[in-house]
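Using the sequences plus the hints, can you model the full thing?
These are the residues of each chain, in order.
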Amino acid sequence: MEDATLLDKYREHGDVQALEQLVERYRRPLFGYILNMTEGKGDADEIFQEVWFRALKKLDSYSHKSLLSWLMRIARNLIIDKSRKRKPEVSLDKPVGDEGDTSLIDLVESDERRPDEILTGAEIEGRVMEAVNLLPEEQKDVFLMRVKADLSFKEIAEIQDVSINTALARMQYALTKLRRLLEDDL
Amino acid sequence: MMTCTEIQGCLLLAETGELPADQAETVRVHMESCAACQSFDAKTSQIMNLAGRVLPDEGPSAAILAAISDAASPKLHARVVPFPLSRMMSMAAALVALIAVIVLMNNALNVPDGGMVSVTTTTQPRVDTLVADDDLQTAVALLSFVSDESDDLQELDLSAASSLSALADELLKMQGFDLYDDSYAIN
Chain A
1 MEDATLLDKY REHGDVQALE QLVERYRRPL FGYILNMTEG KGDADEIFQE
51 VWFRALKKLD SYSHKSLLSW LMRIARNLII DKSRKRKPEV SLDKPVGDEG
101 DTSLIDLVES DERRPDEILT GAEIEGRVME AVNLLPEEQK DVFLMRVKAD
151 LSFKEIAEIQ DVSINTALAR MQYALTKLRR LLEDDL
Chain B
1 MMTCTEIQGC LLLAETGELP ADQAETVRVH MESCAACQSF DAKTSQIMNL
51 AGRVLPDEGP SAAILAAISD AASPKLHARV VPFPLSRMMS MAAALVALIA
101 VIVLMNNALN VPDGGMVSVT TTTQPRVDTL VADDDLQTAV ALLSFVSDES
151 DDLQELDLSA ASSLSALADE LLKMQGFDLY DDSYAIN
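Chains as they are written, first to last, in my numbering: chain A, 1 to 186; chain B, 1 to 187.
Careful, some of the hints might be misleading.
[Claimed, not checked] Distance condition first, Cα-Cα at most 20 Å in a straight line; then the derived DMTMM-like pairs of lysine to aspartate or glutamate: (1) A:LYS154 with B:GLU18; (2) A:LYS41 with B:ASP22; (3) A:LYS82 with A:GLU46; (4) B:LYS43 with A:GLU50; (5) A:LYS57 with A:ASP8; (6) A:LYS140 with B:ASP57; (7) B:LYS43 with A:ASP185; (8) A:LYS140 with B:GLU15; (9) A:LYS85 with A:GLU46; (10) B:LYS43 with A:GLU183; (11) B:LYS43 with A:ASP150; (12) A:LYS82 with A:GLU50; (13) A:LYS65 with A:GLU123; (14) B:LYS43 with A:GLU130; (15) A:LYS41 with B:GLU18; (16) A:LYS41 with A:ASP185; (17) A:LYS154 with B:ASP22; (18) A:LYS58 with A:GLU20; (19) A:LYS140 with A:GLU39; (20) B:LYS43 with A:ASP184; (21) A:LYS154 with B:GLU15; (22) A:LYS65 with B:GLU18; (23) B:LYS43 with A:GLU123; (24) A:LYS9 with A:GLU20; (25) A:LYS57 with B:GLU25; (26) A:LYS140 with B:GLU58; (27) A:LYS58 with A:ASP81; (28) A:LYS57 with A:ASP15; (29) A:LYS9 with B:ASP70; (30) A:LYS58 with B:ASP70.
[Unchecked claim] Here are some chain B residues pointing at chain A (derived, C-beta under 10 Å): (31) GLU18; (32) GLU25; (33) THR26; (34) VAL29; (35) MET31; (36) ALA35; (37) GLN38; (38) GLN46; (39) VAL54; (40) LEU65.
Hints were generated in silico from the structure; no laboratory data involved.
Glycine included, each C-beta is placed from N, C-alpha and C at the ideal position.
Below, the structure is given as structure tokens:
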């Protein structure tokens with residue numbers, strides 16, 4: 001059953017089961033995005049719940065084409081609000097070290113590992129997660145929306161309030177960095 | 001003729017179906033014969049597939065899902081939504097304004113103590129006292145006032161008369177009074 005049909009059943013007839021179907025339909029992509037953009041499952045649980053609470057309050061005025069895009073936009077705003085209340089974000093591109101001429105990504109790439117070392121599947125997975133978490137927030141944001149939620153670049157651009165070209169460029173930068181970070185592992 | 005770099009820049013949009021048809025065809029033809037771009041695309045897909053698989057998304061706890069279902073329940077939702085503070089403030093402000101208007105009107109009419117006004121006419125009778133509880137009762141009382149045969153002094157409750165002055169005018173006109181005639185006056 002389509003999103004619009006389920007939404008109508010909930011809005012017009014108070015059919016909670018219809019809404020629960022929508023929650024379940026978008027549980028993995030939405031929670032996957034939130035979980036990987038936040039610090040720990042506790043934060044992710046809290047934001048996931050708040051996303052739906054806010055969506056329920058505004059459901060009468062909802063008119064977006066894509067429910068998932070709308071939910072992702074709410075989630076992104078909540079994540080930004082939460083991160084602002086915490087420590088300043090660290091960018092991979094921000095110079096570090098005494099000379100100020102080294103970036104975190106360089107440090108990651110120089111991570112000591114013997115050439116003959118063979119990574120297991122679990123280790124490769126760990127390296128991928130680590131590499132994704134080292135991406136700058138905006139690139140990670142696009143990467144997760146594309147990979148976990150399967151959103152189009154038009155939808156991502158609307159959520160981030162940027163042009164499609166900017167969203168696309170962020171994805172390309174993210175992939176370039178991930179290629180460099182993982183080139184010995186894949 | 002697109003270069004390999006340009007083709008590689010189009011691959012992501014081609015994957016989501018957001019590339020214009022003519023460019024999508026160019027990319028497709030190029031990819032059939034370019035090993036470098038095929039390798040680039042394979043690596044990109046490998047990273048994205050691996051990340052999609054290993055990045056956690058197991059879902060929120062059951063308690064969170066239950067809380068959302070509870071909030072979605074219309075009955076519960078109606079119960080937990082508090083009366084908005086802004087609306088309470090607006091109502092309080094409106095009440096204060098109404099009281100202020102009544103006080104100002106009292107002052108403007110120079111009402112004697114007790115909030116009662118004496119009304120005299122030379123031609124109309126009076127009832128002793130009119131106490132209006134609501135608009136309808138006041139209207140009936142005013143109507144009986146102007147149609148009575150006696151011509152004694154009568155006291156009219158100001159709070160009813162002032163708020164219904166327009167109605168009183170209409171009633172007086174219905175009874176044939178000239179509102180600009182000095183045959184009656186408010187003292």
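Outcome of the hint check:
1. With a C-alpha separation of about 8 Å, the suggested pairing of A:LYS154 with B:GLU18 holds against the 20 Å cut-off.
2. Between A:LYS41 and B:ASP22 the alpha-carbon distance is near 45 Å, which puts this suggested pair outside the 20 Å criterion.
3. Of the supplied pair hints, the one linking A:LYS82 and A:GLU46 holds, its CA atoms being roughly 11 Å apart against a limit of 20 Å.
4. For the hint linking B:LYS43 to A:GLU50, the alpha-carbon distance of about 37 Å lies beyond 20 Å, and the restraint is violated.
5. Straight-line distance between C-alpha atoms of A:LYS57 and A:ASP8 comes to about 15 Å, which keeps the hinted pair within the 20 Å bound.
6. Distance restraint check for A:LYS140 and B:ASP57: the Cα-Cα separation of roughly 15 Å lies within the 20 Å cut-off, and the hinted pair is therefore satisfied.
7. Straight-line distance between C-alpha atoms of B:LYS43 and A:ASP185 comes to about 12 Å, which keeps the hinted pair within the 20 Å bound.
8. As the CA atoms of A:LYS140 and B:GLU15 are separated by approximately 19 Å, the hinted pair is consistent with the 20 Å bound.
9. Taking the CA atoms of A:LYS85 and A:GLU46, the gap is about 15 Å. The hint holds against a cut of 20 Å.
10. Simply put, B:LYS43 and A:GLU183 have alpha-carbon atoms about 9 Å apart, close enough for the 20 Å limit, and the pair holds.
11. Taken as a hint, the B:LYS43 and A:ASP150 pair is honoured in the structure, with Cα atoms around 18 Å apart against an allowance of 20 Å.
12. The straight-line distance between the Cα atoms of A:LYS82 and A:GLU50 is roughly 12 Å, inside the 20 Å bound, and the hint therefore holds.
13. Between the alpha carbons of A:LYS65 and A:GLU123 the distance comes to roughly 40 Å, so the proposed pair goes past 20 Å and is violated.
14. Straight-line distance between C-alpha atoms of B:LYS43 and A:GLU130 comes to about 18 Å, which keeps the hinted pair within the 20 Å bound.
15. Between A:LYS41 and B:GLU18 the CA atoms are separated by roughly 34 Å; this puts the pair beyond 20 Å, and the hint is violated.
16. With a CA separation close to 28 Å, the supplied pair A:LYS41 and A:ASP185 exceeds the 20 Å bound.
17. Between A:LYS154 and B:ASP22, the direct Cα distance comes to roughly 19 Å. Compliance with the 20 Å bound is thereby established for this hinted pair.
18. Restraint check: the Cα-Cα separation between A:LYS58 and A:GLU20 comes to about 17 Å, which is no more than 20 Å; the hinted pair holds.
19. Between A:LYS140 and A:GLU39 the CA atoms are separated by roughly 14 Å; this keeps the pair inside 20 Å, and the hint holds.
20. Taking the CA atoms of B:LYS43 and A:ASP184, the gap is about 12 Å. The hint holds against a cut of 20 Å.
21. About 13 Å separates the Cα atoms of A:LYS154 and B:GLU15, which keeps this hinted pair within 20 Å; it holds.
22. Proposed proximity of A:LYS65 and B:GLU18 is supported: the alpha carbons are some 17 Å apart, at most 20 Å.
23. A C-alpha spacing of about 18 Å is found between B:LYS43 and A:GLU123, which places the hinted pair at or below 20 Å, so the restraint holds.
24. Only pairs whose Cα atoms come within 20 Å are accepted, and A:LYS9 paired with A:GLU20 is accepted, the gap being roughly 11 Å.
25. Using a Cα cut-off of 20 Å, the hinted pair A:LYS57 and B:GLU25 is violated, with the two alpha carbons roughly 45 Å apart.
26. The hinted pair formed by A:LYS140 and B:GLU58 meets the criterion: a straight-line CA distance of about 19 Å does not exceed 20 Å.
27. Between A:LYS58 and A:ASP81 the alpha-carbon distance is near 19 Å, which keeps this suggested pair within the 20 Å criterion.
28. Note on A:LYS57 and A:ASP15: the hinted pairing holds, with a Cα-Cα distance of about 16 Å set against a maximum of 20 Å.
29. Distance restraint check for A:LYS9 and B:ASP70: the Cα-Cα separation of roughly 17 Å lies within the 20 Å cut-off, and the hinted pair is therefore satisfied.
30. Taken as a hint, the A:LYS58 and B:ASP70 pair is honoured in the structure, with Cα atoms around 16 Å apart against an allowance of 20 Å.
31. Below 10 Å, beta-carbon pairs count as interface contacts, and B:GLU18 has one with chain A at about 6 Å; its hint therefore holds.
32. A least Cβ separation of about 19 Å between B:GLU25 and chain A goes past the 10 Å threshold, and the interface hint is therefore violated.
33. Annotation: interface hint on B:THR26 violated; nearest CB of chain A at approximately 17 Å, more than 10 Å.
34. With a least beta-carbon distance of about 22 Å to chain A, the hint placing B:VAL29 at the interface is violated under the 10 Å criterion.
35. Annotation: B:MET31 was flagged as interfacial toward chain A, and the flag is violated, the nearest CB pair being 17 Å apart, outside 10 Å.
36. Among the interface hints, the one on B:ALA35 is violated; its C-beta lies about 17 Å from the nearest C-beta in chain A, farther than the 10 Å criterion.
37. For B:GLN38, the interface hint is violated, since its Cβ never comes within 10 Å of a Cβ in chain A; the closest pair sits about 15 Å apart.
38. Taking 10 Å as the C-beta cut-off, the interface hint given for B:GLN46 holds, the closest approach to chain A being about 6 Å.
39. The criterion of a C-beta within 10 Å of any C-beta in chain A is met by B:VAL54, whose closest approach is roughly 4 Å, and the hint holds.
40. Annotation: interface hint on B:LEU65 holds; nearest CB of chain A at approximately 7 Å, less than 10 Å.
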